[in-house]
Amino acid sequence: MEKAKRIKTIQTRDLVNSIKDGGCGECQTSCQSACKTSCGVANQKCENTQK
Amino acid sequence: MIHKYKLNGYNIVLDVYSNSLHIVDDIAYDIISIYKEKSTEDIINTMLEMHPEITKDDILECLSDISQLEKENKLFSEDTYSNIPIRKRSNSNIVKALCLHVAHTCNLNCEYCFASQGNYKGKRALMSYEVGKQALDFLINHSGTRRNLEVDFFGGEPLMNLDVCKQLVKYARSIEKEHNKNFRFTLTTNGVLIDDDVIKFANEQMDNVVLSLDGRKCVHDRLRKDIKGNGSYDLIVPKFQKLVSNRTKGTYYVRGTFTHFNTDFTNDILHMADLGFTELSMEPVVCPPEDVYALTKEDLPIILEQYEILAKEMLNREKQGKEFVFYHYMIDLTHGPCIYKRLSGCGSGTEYLAVTPWGELFPCHQFVSDSNYSMGDVWQGITNISLQKEFGMCNAYSREECKDCWAKLYCSGGCAANAYHASGSILGTYEYGCELFKKRMECAIMLQIARQDIKLAD
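Protein sequences, first through last, are from chains Y and C. With the first letter of the first sequence counted as 1, position 51 gets the number 52 in the working numbering; the numbers rise by one all the way through. With the first letter of the second sequence counted as 1, position 343 gets the number 1449 in the working numbering; the numbers rise by one all the way through.
Watch out, some of these pointers could steer you wrong.
[Claimed, not checked] Label-pair distances were calculated between CB atoms; the ranges are:
1. Y:K46 / C:S1351: 42 to 50 Å
2. C:K1229 / Y:K46: 31 to 39 Å
3. C:L1341 / Y:Q51: 41 to 49 Å
4. Y:Q51 / C:M1156: 43 to 51 Å
5. C:D1380 / Y:K46: 45 to 53 Å
6. Y:E48 / C:M1156: 43 to 51 Å
7. C:N1478 / Y:Q51: 17 to 25 Å
8. Y:K46 / C:T1251: 17 to 25 Å
9. C:T1489 / Y:K46: 30 to 38 Å
10. C:K1331 / Y:E48: 22 to 30 Å
11. Y:K46 / C:N1478: 32 to 40 Å
12. Y:Q51 / C:N1114: 21 to 29 Å
13. C:D1340 / Y:Q51: 48 to 56 Å
[To be verified] Straight-line alpha carbon distances no greater than 27 Å define the calculated DSS-like cross-link-like pairs of lysine-lysine that follow:
14. C:K1509 / Y:K21
15. C:K1418 / Y:K46
16. C:K1142 / Y:K9
17. Y:K21 / C:K1287
Quick caveat, the hints were computed from the structure, so don't treat them as lab data. No experiment lies behind these values; they were computed from the predicted model shown. The beta-carbon is built from N, C-alpha and C at its ideal position, and this holds for glycine as well.
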């Protein structure tokens, strides 16, 4: 029987690659359309359809 | 840099700079903890002592997997971004979002209002159509090649100036095609003036609607009162329910504020869900520390635990088909923001500006009551160039405190207004907010893993 793996890598956006396909600037720029008081970028949607 | 934590039965390891995410068992978790500090021999000895049930071969096999991930830059990867030009720079001069303060007045008298009951410590005023139109022209003229332009009707209470909001939307729609722009409007309202006419307008024209509700009636009514001191819950909840049930496109958020009085705010979020709302947001109060409802040091562990309780309850409800969205837990692991976005952070004072009823520009809605932060006006544009440059410097690398923080590519240095209020400088940090943010991100990542039902034995 094959041993259970101890590490499993989950698919995520490759940030190093995004140097090439990112930076279009079309995404939301601040918290103003939602929470209004505490900006984070993690939950903002990527608007780049070309990547 | 890595960040590892245990939550809801998952051992999670995040590789900060590559954005790689791993779930690991207890053995791998413990090896990763000492991998960079000890020699192979020391690791083996330490692990055999900690875990007598495993063999030396088990440890060597795991070490080999870790080493392979390190070679692939998926674990312990180095920061290779510090020389990337950050998009949001003061010399770009692009503006793509405006918060239009169409009403510096309000029909509620909420005790904790950061806008000082709607007037931002100034005189009460409504924005005229002419000022609003000039603001939209300013936005188009300064947006360069950006297509999506965001405009937020804000206050005070923007529905106290509904006719101007409608006229401005009509004007924007009449010019957006010729300029190859797409206006996205948001309305933030306390709900008092919502009627069928508002519902039609909001649901036809608003890309997003933010509806202010603090949760349970006793919590909401304690601070969100009308001028006579009566709670507003019974008046607004049916209106919000009607607006949401008629919404066929765009998003909405039922958005609450929690304070020292309701550190068990998960119950308020669940109450919103029980009222039938499915897009929810709940924010810590923004106020001076001496206010009676300000969050205290003692509240912090309680709040952190609440975020965990919320995440677990969301999973429970998802299994029952009663799912809802919590704004701060919305992360997209595979199509999330690019590195430029993660480095450049909030566009306040550069790409994003707030406009007062008389056309004065401020870095964002949270600076409007402070005349030191006046940046210019919608006719002359930004005239306070040094302030624009200062805001242009706010990014994931501009604060010493963020240097070794695992969450910096998730918050990008955080909110300039929070930093200013906490430290006196927009280039400072608001540590309390950092702690809340980090816990929210841990929960958000765990939720994504739990939803994919990823198990190590698969």
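Tested hints:
1. For the hinted restraint 42 to 50 Å between Y:K46 and C:S1351, the CB-CB distance of approximately 25 Å leaves it violated.
2. Range check, C:K1229 to Y:K46: Cβ separation about 38 Å, and the 31 to 39 Å hint holds.
3. Checked against the hint of 41 to 49 Å, the pair C:L1341 and Y:Q51 passes, with Cβ atoms roughly 47 Å apart.
4. Here the CB-CB span from Y:Q51 to C:M1156 is close to 49 Å, well matched to the stated 43 to 51 Å.
5. One distance hint, 45 to 53 Å for the beta-carbon pair C:D1380 and Y:K46, is violated here, with the actual separation near 27 Å.
6. For Y:E48 and C:M1156, the Cβ-Cβ distance of about 47 Å falls inside the hinted range of 43 to 51 Å, so the restraint holds.
7. Between C:N1478 and Y:Q51 the C-beta distance comes to about 41 Å, which lies outside the given range of 17 to 25 Å.
8. Checking the proposed 17 to 25 Å range against Y:K46 and C:T1251 shows it holds: the Cβ atoms sit about 19 Å from each other.
9. About 33 Å separates the C-beta atoms of C:T1489 and Y:K46, a value consistent with the hinted range of 30 to 38 Å.
10. For the pair C:K1331 and Y:E48, the supplied restraint of 22 to 30 Å is violated, since their beta-carbon distance comes to about 39 Å.
11. Checked against the hint of 32 to 40 Å, the C-beta distance between Y:K46 and C:N1478 comes to roughly 34 Å, which is consistent with it.
12. The hinted window of 21 to 29 Å between Y:Q51 and C:N1114 is violated, with their beta carbons roughly 36 Å apart.
13. Distance hint for C:D1340 and Y:Q51: a CB-CB separation of about 49 Å, consistent with the stated range 48 to 56 Å.
14. Under the criterion of a C-alpha separation no larger than 27 Å, the hint pairing C:K1509 with Y:K21 is consistent with the structure, at around 24 Å.
15. A hinted pair counts as satisfied when its Cα atoms are at most 27 Å apart, and C:K1418 with Y:K46 qualifies at roughly 24 Å.
16. Our distance criterion of 27 Å between C-alpha atoms is met by C:K1142 and Y:K9, whose separation comes to about 20 Å.
17. At roughly 25 Å between alpha-carbon atoms, Y:K21 and C:K1287 fall within 27 Å of each other, so this suggested pair holds.
Taken one by one, the earlier hints fail for this structure at numbers 1, 5, 7, 10, 12, listed in ascending order.
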